[in-house]
Every structure is written in structure tokens, then in C-alpha cells.
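Peer 1: So you can see what is in the structure, the chains are spelled out below.
2 protein chains.
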Amino acid sequence: MTNGAQALMKTLVDAGVEVCFSNPGTSEMHFVAALDDEPKMRAVLALFEGVATGAADGYARMADKPAATLLHLGCGLGNGLANLHNARKGKVPVLNIVGDHATYHVKYDAQLQSDIETVARNVSPGFVRTAKSTETLSQDAAEAIAAARTAPGQVATLILPADVSWSEGGVPSAPLAPPTPEPADDATVEAIAKAIRSGKKTALLMGGHSLREPSMLAAAKLAAHGGVTLLAETFPTRIERGAGLPYIERLAYLAELATVQLTDVEQLILVDAKAPVSFFAYPGKKSYLVPDTCQVHTLVAPDQDILASLNKLNDAVGASQAEPKLQPAKRPGRPRGKLTAEKVCKAVGELMPENAIIVDEGITSSLMLSVMTAGAPRHDMITLTGGAIGQGLPNAVGAAVACPDRPVIALIGDGTAMYTIQALWTMAREQLNVTSIIFNNASYSVLNIELERVGAEEAGEKAKSQLDLRGPVINFAEMANGMGVHAVRVHTAEEMAKALEYAQRMPGPHLIEAVIPESLSGVKRRILPWMLRSLPSLPLSVSKALKRKLAP
Amino acid sequence: MTNGAQALMKTLVDAGVEVCFSNPGTSEMHFVAALDDEPKMRAVLALFEGVATGAADGYARMADKPAATLLHLGCGLGNGLANLHNARKGKVPVLNIVGDHATYHVKYDAQLQSDIETVARNVSPGFVRTAKSTETLSQDAAEAIAAARTAPGQVATLILPADVSWSEGGVPSAPLAPPTPEPADDATVEAIAKAIRSGKKTALLMGGHSLREPSMLAAAKLAAHGGVTLLAETFPTRIERGAGLPYIERLAYLAELATVQLTDVEQLILVDAKAPVSFFAYPGKKSYLVPDTCQVHTLVAPDQDILASLNKLNDAVGASQAEPKLQPAKRPGRPRGKLTAEKVCKAVGELMPENAIIVDEGITSSLMLSVMTAGAPRHDMITLTGGAIGQGLPNAVGAAVACPDRPVIALIGDGTAMYTIQALWTMAREQLNVTSIIFNNASYSVLNIELERVGAEEAGEKAKSQLDLRGPVINFAEMANGMGVHAVRVHTAEEMAKALEYAQRMPGPHLIEAVIPESLSGVKRRILPWMLRSLPSLPLSVSKALKRKLAP
Numbered sequence: 062m063t064n065g066a067q068a069l070m071k072t073l074v075d076a077g078v079e080v081c082f083s084n085p086g087t088s089e090m091h092f093v094a095a096l097d098d099e100p101k102m103r104a105v106l107a108l109f110e111g112v113a114t115g116a117a118d119g120y121a122r123m124a125d126k127p128a129a130t131l132l133h134l135g136c137g138l139g140n141g142l143a144n145l146h147n148a149r150k151g152k153v154p155v156l157n158i159v160g161d162h163a164t165y166h167v168k169y170d171a172q173l174q175s176d177i178e179t180v181a182r183n184v185s186p187g188f189v190r191t192a193k194s195t196e197t198l199s200q201d202a203a204e205a206i207a208a209a210r211t212a213p214g215q216v217a218t219l220i221l222p223a224d225v226s227w228s229e230g231g232v233p234s235a236p237l238a239p240p241t242p243e244p245a246d247d248a249t250v251e252a253i254a255k256a257i258r259s260g261k262k263t264a265l266l267m268g269g270h271s272l273r274e275p276s277m278l279a280a281a282k283l284a285a286h287g288g289v290t291l292l293a294e295t296f297p298t299r300i301e302r303g304a305g306l307p308y309i310e311r312l313a314y315l316a317e318l319a320t321v322q323l324t325d326v327e328q329l330i331l332v333d334a335k336a337p338v339s340f341f342a343y344p345g346k347k348s349y350l351v352p353d354t355c356q357v358h359t360l361v362a363p364d365q366d367i368l369a370s371l372n373k374l375n376d377a378v379g380a381s382q383a384e385p386k387l388q389p390a391k392r393p394g395r396p397r398g399k400l401t402a403e404k405v406c407k408a409v410g411e412l413m414p415e416n417a418i419i420v421d422e423g424i425t426s427s428l429m430l431s432v433m434t435a436g437a438p439r440h441d442m443i444t445l446t447g448g449a450i451g452q453g454l455p456n457a458v459g460a461a462v463a464c465p466d467r468p469v470i471a472l473i474g475d476g477t478a479m480y481t482i483q484a485l486w487t488m489a490r491e492q493l494n495v496t497s498i499i500f501n502n503a504s505y506s507v508l509n510i511e512l513e514r515v516g517a518e519e520a521g522e523k524a525k526s527q528l529d530l531r532g533p534v535i536n537f538a539e540m541a542n543g544m545g546v547h548a549v550r551v552h553t554a555e556e557m558a559k560a561l562e563y564a565q566r567m568p569g570p571h572l573i574e575a576v577i578p579e580s581l582s583g584v585k586r587r588i589l590p591w592m593l594r595s596l597p598s599l600p601l602s603v604s605k606a607l608k609r610k611l612a613p
Numbered sequence: 062m063t064n065g066a067q068a069l070m071k072t073l074v075d076a077g078v079e080v081c082f083s084n085p086g087t088s089e090m091h092f093v094a095a096l097d098d099e100p101k102m103r104a105v106l107a108l109f110e111g112v113a114t115g116a117a118d119g120y121a122r123m124a125d126k127p128a129a130t131l132l133h134l135g136c137g138l139g140n141g142l143a144n145l146h147n148a149r150k151g152k153v154p155v156l157n158i159v160g161d162h163a164t165y166h167v168k169y170d171a172q173l174q175s176d177i178e179t180v181a182r183n184v185s186p187g188f189v190r191t192a193k194s195t196e197t198l199s200q201d202a203a204e205a206i207a208a209a210r211t212a213p214g215q216v217a218t219l220i221l222p223a224d225v226s227w228s229e230g231g232v233p234s235a236p237l238a239p240p241t242p243e244p245a246d247d248a249t250v251e252a253i254a255k256a257i258r259s260g261k262k263t264a265l266l267m268g269g270h271s272l273r274e275p276s277m278l279a280a281a282k283l284a285a286h287g288g289v290t291l292l293a294e295t296f297p298t299r300i301e302r303g304a305g306l307p308y309i310e311r312l313a314y315l316a317e318l319a320t321v322q323l324t325d326v327e328q329l330i331l332v333d334a335k336a337p338v339s340f341f342a343y344p345g346k347k348s349y350l351v352p353d354t355c356q357v358h359t360l361v362a363p364d365q366d367i368l369a370s371l372n373k374l375n376d377a378v379g380a381s382q383a384e385p386k387l388q389p390a391k392r393p394g395r396p397r398g399k400l401t402a403e404k405v406c407k408a409v410g411e412l413m414p415e416n417a418i419i420v421d422e423g424i425t426s427s428l429m430l431s432v433m434t435a436g437a438p439r440h441d442m443i444t445l446t447g448g449a450i451g452q453g454l455p456n457a458v459g460a461a462v463a464c465p466d467r468p469v470i471a472l473i474g475d476g477t478a479m480y481t482i483q484a485l486w487t488m489a490r491e492q493l494n495v496t497s498i499i500f501n502n503a504s505y506s507v508l509n510i511e512l513e514r515v516g517a518e519e520a521g522e523k524a525k526s527q528l529d530l531r532g533p534v535i536n537f538a539e540m541a542n543g544m545g546v547h548a549v550r551v552h553t554a555e556e557m558a559k560a561l562e563y564a565q566r567m568p569g570p571h572l573i574e575a576v577i578p579e580s581l582s583g584v585k586r587r588i589l590p591w592m593l594r595s596l597p598s599l600p601l602s603v604s605k606a607l608k609r610k611l612a613p
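First to last, the sequence lines map onto chains R and A.
First residue of the first sequence: 62, per our numbering; consecutive thereafter.
First residue of the second sequence: 62, per our numbering; consecutive thereafter.
Among the clues, some could well be false.
All copies of an identical chain are treated as equivalent in the list; a pair is satisfied when it fits inside any one copy or across any two copies.
Here are the simulated lysine to aspartate or glutamate pairs, EDC-like style, with alpha carbons at most 16 Å apart [claimed, not checked]:
hint: 1; residue 1: K525; residue 2: E384
hint: 2; residue 1: K335; residue 2: D170
hint: 3; residue 1: K262; residue 2: D325
hint: 4; residue 1: K101; residue 2: E274
None of these hints come from the bench; they were simulated from the model.
Extracted from the complex, chain R is given alone in its bound form (with noise of 0.2 Å):
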């Protein structure tokens, strides 16, 4: 005899779903219980479900195949619903699974009863389903695994009432295969190989999947031969990078810098990217972020093939045999004395290990992140896709469980890792080889900015309070230290260092607290300069200009 809940099981891992970031209740319990049938299923738990649905996130960025998650009806997906935003944004393959009251149920508007569909649909537009049988619901979940693996990925909902769980009758289904992705259409090709060979200042937007290696090569053999800037998107799903790859500069998360970045672009050929607009709107600011003269091509939609698209690209205009400019291998070197949000990213490119995974939601304190580490040894980036503080730390455990044998160093502010600081817990459990440092500035930093950005500097003491994390300010080597979790707390660049190589050294989870208090003149004393140096094309003239419009 077989229930739906192990008949699911079986279709989840023979489809590759073999891991599930749970945080269950009573209408997930015939699930919970199918968990000792099969076998090949690992189940996480999360005592958060922002953390299940950002460790599926994590992962699927990392295994590129979905994750399950398992959540407790439509509150659970709500508590859920920030990072499956961003791994909608982020264009990544999750498979969440939402128990539901059983069918009979759901008419009696029980306490926890609510519209599961409706909050589903904002995250999982293209699939979001009830079962309505047992024998029909592990079909159900074949189909819903091969929507979320249709290219370019995307988060999948099943939702799986009591009932159709817990009766006899189950039928596991076979996998379905996702369509095959087809490369861009000759006509498109020749239009943008034509385009290329106008001699037109040319920039290549790079985003979601074309971030790795084989597509970053060729395109960085069409840079080589055209003359055409790579850019990447300003937050991507997942980045390769370091010694013997291309370099490609992302575009600014200021609109006022990516404007910049974007000055005299004349054509802006798509890559599965969208095309560029400012993160907020700001009053008297353009939202658009691509110069009026520039004309705009997609060279690969998100459903297309991306490296075959490239290719014939390259063949197009000539650029196969091309050879691609690669970045040297440089390690910034060991950084001394007071502790600063700079000098901590420049401990991470000094000390990362070969092959590690690096998770980027450091937002103003990891502005020189990129720079660090550009010429560290080979690794991916992952970053803050959805704009959904709280990604961060979950991401960590679902990229140090689809890669157990990666190291995985995560940059998190101290407002953001709060969103879901529980995360910590199952790195501890789970005993993840995940190194979390809080930058500990005490502060909401971005929004001191932005309070200015959109015009309100103006803003009296009730309103920065708002924005400040002191008083109490949170200690969170304690906290981790509660949640099982091996901690310290580092105030000079020294003792960051230490505590870095001792974390590497030492297998399991480990925090590490760099302690950066500062002034909002301090932050814009450090973007000025970033702006500055990390871009290292930009005209003198755009220079001078950035300096009047930023300078503190």
C-alpha cells in the first residue's frame, strides 16, 4: 500500500529533487513520515520558513536543479514568501510544496485556513497548482518539478492537501523532461552581428544563466574582437569568477553610477537581462537607465540557449578564434590595523580558499567586495537577486548543501542577517562548512543614504532613529553562540584575519562579527572613492562630475 505522500516522495527523487528545507506542521505529517521511505531524500529542517525557501534558493543556484521545500500552509508560504521572490527575480528553480487543510476541511474556514493560490501566484506565476487526488498528485508534482526546470527556472507550487497525502492509492510518476532550450534565430543573430560591425560603441548586458564560464568565454572572445564592453546585471543569480576567467564589471546598484557606466553606450545587446532600470524611482530621476540614443537588442531571451546563441554570434561577426582577455591572479594583500568594512572584503581576497562560494549581502559594507576579490583564486558569487533582505545566510546553507566540499564565506549586514538570523541554527545541526561575517555597523546604512537619495535629508531624530540599530547594539557572536553556532567578535583587521583563516581551517559553521562602527559620513566617504576605483574606464571629466554630485 502506498499513500500519496510516498508515492510524491518517490516521483521527487527519481525527477533529482533529493533534498527538502522543511519547517513542517500538522498538515505536512504523512510527508514528514514518507521522509524514512526513500532513502535518497534529505530533509533540512529550518525553524523559519525564510530560511527553507532561501536555503532552496541557495541550492538550486548551486546544483542547478531544484530543491523541495515544505511548508505549512498559506502562513508558512507567506513567512516564505521574501525569498522565493528572490529566487523568482533571480529566475531559479524551486519546487515548493505547501501542505493545505485536508479537501473536506477547507470549507469549515479553520483557524489557519487561508486563499493558499493567491499568495502562491505572486512567486510561482507560471506554476501553481492544488492536487486534487491521490492517484493524480505525483503527475502533479512531475509536472510542477518540469516547470520549475524550464528554462530559464522558476519557483513551482504544489500544493498538497491532507488528505490527498494521507490516502492509499499513490502512483509515482515518471520524470518529464523540461523543452529544450533553442538558440537565438539567424535572423536576430545576423541583425546584431551587423550591428557589431558598425563600429557603434557596443555594450553586452550579461545576466541569469550566462554567467558562467563557457558563456563569460565566449562572450568575452567577442569583447576581445569588437570591441564590445562586457557588462554584468548589478545583482546576479550566481557569478563566476577570479584568476583565469574574464572580468565583467556589473553595473552599479546608484542609478546615478550605472548611468554613468552606460554614458555613450550606443547599442546594449541582451544576454538573459533585462534592460536596465533603476532599483527605486527617485524624484526628478529617470527610472530608465539606458540612454535615450542607445538602441536596445536581445540577443538571448531567458528561454533560449545561451552559449549556442554567443557561438553563432561569434561566427557572425568573426570572433571564434578571438582571444579572450582573462584576469590575472592578485590577492589584494593582508589588511592591517583599525577594522573597516573595506579592510574586511580585503581579508576575504587575501584569505579565500580555492573553489569557495561566496555570498554577497553585505549591501554598503561589501561595496569593495568585488574589487577584493576579483583576481582570488576561481569562485562563485551569489547575490541579493530579489532586493528581499534576508538571503543571505539561508542562500549559505542551501549552497553548502548542494556543495558540501566548497567552502561558502557569507557577507551579510547586521540589519539583513536579522531577517533570518535562524539560519544559523541549521548551519549548527547540519554542521555546514558555512563562515557568515556580520558587518556590525549598528546601522541600517543603505537607507541613510537613500533617506537623501530621494530628497528627505531633512530627516529629524524620531526618523533616523529609524534607521539606526543601537541601543541596544546587537551582539551577534552571543546570538550565534545560542544557536550552537562557533563565534567571535573581531575589532581590528588583524584579528578578522585571524578568525578567517582559524574558520577555514576548522570544519562546521562559523561566525565571524567585524565590528565597524561609523558615521554616515563615513559611509559616503568610502562610496566616493569605491565609485572612483572600481571602475577603472571611466572618463576623468565623469570623474569630477561624480565627486560634485557625491561628495559628503
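Chain R is already provided as a structure; the job is to place chain A on it using the hints.
Peer 2: Just chain A now, kept in the frame of chain R:
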């Protein structure tokens, strides 16, 4: 010159909305800046949106008027959804202010773009509105507040685009009065009076706003006169209790037990309550708990005047002069020896001060709380209305802000505490008089019971590990210290009592971590005697049947 945010702020305080529980982002910066223009508005920062929404819920339960939340776009609302669900189910007035992108920015589908209205509709079906212009914003707000305050109370959501907030031309609006509730009509009252006079066994099920002194006294007169049994819904939004008030037995969470409480009831009269259904469905068990032969009458619908309706009924049956039976003063005695969950509840019953607010989210560990505090000094108790755990600590924040002169004691399970643990920081920052008692049994104890109740008791090790919070066991005292809250771990009943006395003596927040390791069979051993003891009226035959059914 008045911008939208400034006009909105004035509209809020003029309508009595004087507290805003906030977790702002860039799109909310003008609202934040406007805080300093309005001395009457208190802004309380939360480090996670679920804390802000749960605090607004707790505030309104005690203040009997809404607070505002300030949330950052759809993802901020998502993070706050679970506690808004609890507020919705508890019919609690809450005004959500959800910032959104500028109206003209929406079309660009920037990173944080999502469908806010759809998410909001789930928790505020009665009022969701996106403000369209600065000129009409304040009128929208006045209508939203009136909607929130319309009996019985609801969550209302006002979505505030950044440009509507920052543009000049705001005009404050005067408060709008919500409609006045009407009492039950004469025909309904007469029909119910006739039913009571029939002599059939009758119970009054009281919920919502009926569990306050005036209505409870009116119902107690009816009980004294006509032999009507008084029952309260399982999870009251707020119930006034203690010595000198009528004791009203709550319907049990366990459907098996609630069924027993309703056995032989021939007529059930609803007072701002729903006919009882089981919390979850269980294989082979009924969802609807009212006996087949029982007739259900609605005396007071949620939008009606409860006290006036009860008074009319009392007049009709001649109970107006009856002498209500009141709970005598009685403390349970000081607990001694090895610490158990019951002894924690006993310590609270023995030592709680006058006029306390008790927040009960202890799940299995606080089953004895009602019994232990029944004869304590008068107090309010607020409970988990919607079943979405993570409500207790935020509710305590809100209750303490609403009633700064009343001590708040929150009893919280370890599993539930972790959903919104960030609430501790807000308690520290605002120096709230909250004593949080965390029952640390290192388990999702209730799920161990539910696993059996849904018939999945053959669960193996992997399944059981999903319900187990060991490896590592959380140290809540350390976590609390990390957030600036004075904390202590207690292992004996004597230490527990001493810690509680200390906490009541010293102002500001305290956390007491009650370490009560216990096995599943321990939980079951505890539950059975509780069931039998807490329902003194239970017929012996039923006790015996129950003992057979539920014995470990």
C-alpha cells in the same frame, strides 16, 4: 507646503492612530521623515516585519484601536503576513501602510516589484487600496482607518506609492466614524429566549469581543438564571480573567476533547463566535464538532452590539437581576523541585502581579496555564487566534506599548519563539515591561502529538528529527543577551519562581528560559491528567472513555 506623507501623518494621529510599528525601506523614507513633524506619533522600530505586524495586533487587542504598521513593498508585507493572518482571524483592527514604488516606476518591473494588492487581499479582504494621488491620499487613509475600526475590527491595507508620499499638495483628512453596531433584533432574541426556556441543555459560545467584563457578567447572569453553560472559543483574541470575574471554560484545542465538552449540548448559542470546528482534519474524524442533534442559534454576529444583545436576552428570559457566579481569589501555591511545564505555569499563577497581561503561546507547555491562573488577580489573556505561530513575542511588544503601566508576561514555546525572536531587540530598545518565559523542551512537542493524531505514528528517525530541536539545543538566554535583554536559564521550580519575582521587581524586559527536557511520553502523561482535571464537570463515563482513548 505639505507633502503626502506629512498630510497622512496628521490624518493618522487625528484619527487616534498614534503608534507605528515600522520596518521601513527606501520607498518609505518620506513617511519616516514625516515622523518628526508629528510629535503625537510614536514610531517603534522592528527588525523583522512579522514583529511589526504582530506588535500592531497585540497593541490593538489592548488599546482597542488600531496602530499602523509601516512595511516595505510586497516582500515586507509577505514577511508580516503570518501575524496579519492572526489579526484577521482575531478580528483585530490594524492599519497596514505598505510602501510601493513610485507610480511611474511600476512598469519597469524593478527588483522589488510584486503584486502587493493580491498579497494584501489575503489578510485584509475588506479593505485594500492603492493611493492614487497626493491630494486624495489622506481621504484614503481616513477610510482605511474607519474600515479597520468597523465592528468587529479588521486589517485594512493602504498601499502608498513613493511619489504619492513625496509630492506636495497633501491635505489632511478628518476622522470618519465607523458605523455603530446594532443589537440583535427582537425576533432573534425572542426565539433564543424561547429556546432557553424550553429547558433543553444549552451552551453559550462566546468569542471575539464578548470576553470582556461587561459581556461576561451579562452572560454569567444568564448562566446563573437559566442553567446555561458558558464556553469561550478556543483561542480568544483577548479574555478578561481572574478573581472577581466569571470563569468561562475555553473549548479545547484537541477536537477529541472539545467533542466531549459539547456532548449532550442540545442548543448552542453563538455570541460573536463560529460554530466550532477542529483545528485540523484527521483521518476518520469529523471536522465539525457540534453534535448532529444540536441546534445552533446566532445571538450576536461579529458586527453587532454584544452587550446590548445579551442584555436584551437577559430581559427576555428574566435573568437581568440574577447574581452572576464569580471566580474566587485563589493562588496555586509556590512550585518546588524539578522544573516542569506545569510548574512554570504554577509559578506564574502564584506570582503574577495585579493587572497583568498574559500572552499565551506556550502550545503544549502552557496547557495548565488557564487552570493555574483562574483565581489569580484580574488580568487579560491574549492567545494565538489564527494558529500561525510566532505571534506571542510580537504581541507582547504591542501590548506593552499599549499599556506601559501594566506588566506583560509572555509564555512562549521554543519552536514558536524562533519565528519572531527579533522581537526581543524591540523590547530592549523600548525598555518594555515584558517578561518572556521560553519553555525550552527542545522539541516541536505539539507535532509529536499531531504525528500520532493524523495516524502517522509509525514514523522513523528521519521523520522524528524534523520535530526535534536538539543538535544543537538552543540557548535562548544567550540569544536574548545578544539582543540586549536581561536573561536567565532556570532548571528548578525554585529558580523559576525567583527569576519571575526578580523580573517583576526590575523594570524593563526580561527573559526566563525554563529548561524542561521531556520525552513524547512525558507530554502525553501531562496532557491526559490536564484534560481530566481542567474540566471538573466532565461526567465520569466520559473520563473513562477518554482515558482509554488517550492513554500513552
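Peer 1: For each hint, tell me whether it holds in the structure or not.
Peer 2: Evaluation of the provided hints:
{"no.": "1", "hint": "K525 with E384", "result": "neither (52 Å within a copy, 56 Å between copies)"}
{"no.": "2", "hint": "K335 with D170", "result": "between (42 Å within a copy, 10 Å between copies)"}
{"no.": "3", "hint": "K262 with D325", "result": "within (7 Å within a copy, 85 Å between copies)"}
{"no.": "4", "hint": "K101 with E274", "result": "neither (30 Å within a copy, 57 Å between copies)"}
When each numbered hint is compared with the structure, violations occur for hints 1, 4.
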